[in-house]
Amino acid sequence: MDKSQLVLASGLTQNLGLSLMVATGCVFLVVAFIVKCNLVRNTHDFIISNRRIGLGFGVGAVVSVWTWAMAVMMSSAMTFQWGLSGLFWFVIPNGFAVMAVIPLAKVLRKRMPAGYTISQFVHTRFERSRIASSVVTVTMLFGIVLEILINLKGTAVVMSTVFPIDWRVATIMTVVVVLTYSYFGGLWTSVMTGTLNTWMITVVAAFVVVSVFTVIPGGATAVFDAVKSADPSKLVVTNADAAGGFGITLAFGLLASTIGDQTFWQKVWAIRPSQVGRTFLWAGALFYPIPICLGMLGLVGLAYNLTPADLGGDIVAVGPYIVSHIGLPFALVIAYVLLILTACYSTIDGASSALSSIVAVDIVKRYAPKTSEQWLFYITKLSMLIGGSIAAAIVLSGADFTTLVLTTYALKTSILMPIILAILWPRTNTFGFVSGIVSSILIGMPIRHYYGELIGTLSIVAISAIVVVICGLVARKAFDMAELGVKEAMNLEG
Amino acid sequence: MDLSPTQIGFLIIGAIATVTFVSGYFKGTKIALASYNDNTVEVDDSGDIQTYWGPILTAVLCAVGIVALAGVHPAFIYIGPACAVGTAFGIGLAFFVDRDSNPSK
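First to last, the sequence lines map onto chains A and B.
Under the working numbering, read the first sequence as residues 1 to 494, first letter to last.
Under the working numbering, read the second sequence as residues 1 to 105, first letter to last.
Rather than coming from a laboratory, the hints here were simulated on the basis of the structure.
Fair warning: there could be bad hints in the mix.
Unchecked claim - On the chain B side, residues computed to face chain A include the following (Cβ under 8 Å): (1) 24; (2) 28; (3) 59; (4) 68; (5) 85.
For clarity, every value in this text was computed on a predicted model and none was experimentally measured.
Even for Gly, the Cβ is constructed at its ideal location relative to N, Cα and C.
This is chain B alone, in the form it adopts within the complex:
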């Protein structure tokens, strides 16, 4: 099967996302296994609800923009798939962003 440049591009970003996803997944699993005997009582020290409205609005507006752009030019049809790869990358990243998840800290 001959791959088009677009497919090759998606294979590359897909590989980057996959590496991030897999390494995050293993990190998360390791931390989860280490938490077996962790009975620390945690409290919610994350931001107040007010700090969430901005990101929520941004996420909604970005989604609206991506859907709308698909009707403007054919090239924008690929934004959705590219962002889907970004979702895998984001989930992988979430394991690393969660610094507090190490029970030894």
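Okay, chain A solo, but in the shape it has when bound:
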């Protein structure tokens, strides 16, 4: 298959790109106004949707926040780099990470029915320890800012690649559009717009991918034969290199990304209790086809023998490159851009909404408990604007955010096992929780630096778990989990 046949589609102007960004935002703004007028009375409604989210919106919201802009593109990129083994190791832990929340969510929702945030749980669980809850709060804040800026960056890359738009303009447009509609309705807006977005990343994505194979002479058979003749190992899922190269590390990283992310915990407490388990089960299972579908574009990249240089040096661009160069009708190229755009919007608004819950519960109400409801409502909404602005400023500064990525990685991976044990094992104590996190970072990060991601990640996870368990066994004191509900039936309710 001759890659010289791949030519960029024409008609992709700057005005068209900007119009798409604004038009999508306007549609969501209408949803936000309906939500604001009908569903949001106070901070409680804004950050936890009065705990009335049902199965449909719950599943849609979880699927949409989990489908990052980068995830949409990474599935194609991993297939392009490693073949189907890459897709296997990218996809399988992704859906499982969502379903892995179920046992923890069911336990916490039962024992702490009026909760809002995971750091609120840690605060209550560990005798109001400021150190323990602060570590978790900081981890959540770092994670949210990173989530927002990665998706801002992803949108900017796609929009500036497909359209002649300056990436800085694309970044500012994205943050303005998303924060404008998120500001009005909080979690309900995020949930409703996110669910709408899932239609784009499923039905539209499927039709675009099928159309790609249709316009290729010889169709799927030609692609399959070309990949097979070039390198048959790219068509099997048992290539161990992919597992060692990124798969196992990614699996732990993804688990930390759901269990250690307030975006998901906010939904655990916002979904009606009888639907929490089912929501995460359905969401995990229904998420799987999305990256599998988009991953097939990676096979097309392999069939055409594309190189990273063809893609501008970044293999993440393989999906957008194929779609914009394969000869698809103009409307389908636009549809693909829109689906990436909406995937990005829904992740940013979900993260912003999670940020608002942390600011309200873990910062304002904890350190200034007498703050009036009216002020709390304003501060909560304002925090979304501030968080988005900080993320946008980091992206616009052109700063290398490796430090932020590494810090967030270290914190999220190190709190994974301590949080799981805190929820499931009553003998987990404050000293063990804090020591587990601190020691795993102090010992694990240097190991990661010298021995690579795989050994480093396994070390961090193992050290944090072992320290927590040893401290729990030594102290011989069990926490009464029934106290969680009694202590926290307060705060923003009413």
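Once you have looked at the hints, place chain B on chain A.
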């Protein structure tokens, strides 16, 4: 633009999924709006965690199978996109399966 039979097939299943998705979405929105003043305290009466392991394992194995099949025969490349359409259908269906979501009950 001439559509291939595969594209036409996907347009049809996409339309079915879209109808289910949209009607579910409207049902969910109606219920959400009606829940504004609903302060019923609910309890988790869903199954024990043990009831989830089977479906989780099934979902993981299905995903493994779909990815693996794409390397067996070119026709299986289309299973992923077909299942993605199924996701939209499933989300639409979720609004109807959630019978308890009607606050008037």
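Hint check:
1. Hint on residue 24/B holds. Least Cβ distance to chain A is approximately 6 Å, under the 8 Å limit.
2. Here the hint on residue 28/B is kept, as its CB sits about 4 Å from the closest CB of chain A, short of 8 Å.
3. For the restraint placing residue 59/B at the interface with chain A, the shortest Cβ-Cβ distance is roughly 4 Å, inside the 8 Å limit, so the hint holds.
4. Restraint check, residue 68/B versus chain A: the minimum CB separation of about 5 Å is within 8 Å; hint holds.
5. Nearest Cβ of chain A to the Cβ of residue 85/B: about 5 Å, under the 8 Å cut. The hint holds.
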